[in-house]
Amino acid sequence: MTAVFLDTAVLMYAAGAEHPLRAPSQQIVRLVASGDLEATISAEVVQEVLHRFVAIGRPELGARIARDALDLFDPVLPVTHAVMHRMPALAERYPRLSARDLVHVATCLESGIGSIVSPDRGFDAVTEIRRLDIADGAAG
1149 MTAVFLDTAV
1159 LMYAAGAEHP
1169 LRAPSQQIVR
1179 LVASGDLEAT
1189 ISAEVVQEVL
1199 HRFVAIGRPE
1209 LGARIARDAL
1219 DLFDPVLPVT
1229 HAVMHRMPAL
1239 AERYPRLSAR
1249 DLVHVATCLE
1259 SGIGSIVSPD
1269 RGFDAVTEIR
1279 RLDIADGAAG
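Going by my numbering, the sequence shown opens with residue 1149, and the numbers climb by one from there.
To be clear, the hints were calculated from the coordinates, so they are not data collected in a lab. These numbers were taken from a predicted model, which means no experiment stands behind them. Each residue gets a CB set at the ideal place from its N, CA and C atoms; glycine is no exception. Treat the hints with care, as some may be off.
[As the list claims (entries may be wrong)] Computed Cβ-Cβ distance ranges for the label pairs, DEER-style: (1) Leu1179 with Arg1269: 18 to 26 Å; (2) Leu1198 with Arg1178: 19 to 27 Å; (3) His1233 with Ser1182: 18 to 26 Å.
Throw the hints in and build the complete structure from the sequences for me.
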């Protein structure tokens, strides 16, 4: 089984309010927890979760989600110098991706991961990885 990278959105939707992507995201997390899906996240994903929930005044929820993610995905992939070294070329090649998304792409490339589970269609432009849509159940 080859690992997939989970975008921050998977964790956010899984733990968030009612949304069409909540149930599919929860199913993805259950598959990871049961060992039926080999998946990973990076330190950047944990940072994004905390950033978002602190920004909206819900640090306790962000901390809970971060702790759960750190337990489930032990160890998370580091954001290393080698990952950052890939960023300038990726930014030039994919100027429409956010810096956060570029970190995810660089992490995948540095770690030999070929797929990212995400609702973000921006990843479709990236030729080096394949996006699996949460809504399509492509991760399961």
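Verdict for His1233, Ser1182 (Cβ pair) under range 18 to 26 Å: At 36 Å between Cβs, range violated.
Pairwise beta carbon distance, Leu1198 to Arg1178, judged against the given window 19 to 27 Å: 23 Å, holds
Assessment of proposed distance window 18 to 26 Å (beta carbons of Leu1179, Arg1269): 22 Å, holds
The structure fails to meet hint 3 from the earlier list, while all remaining hints are met.
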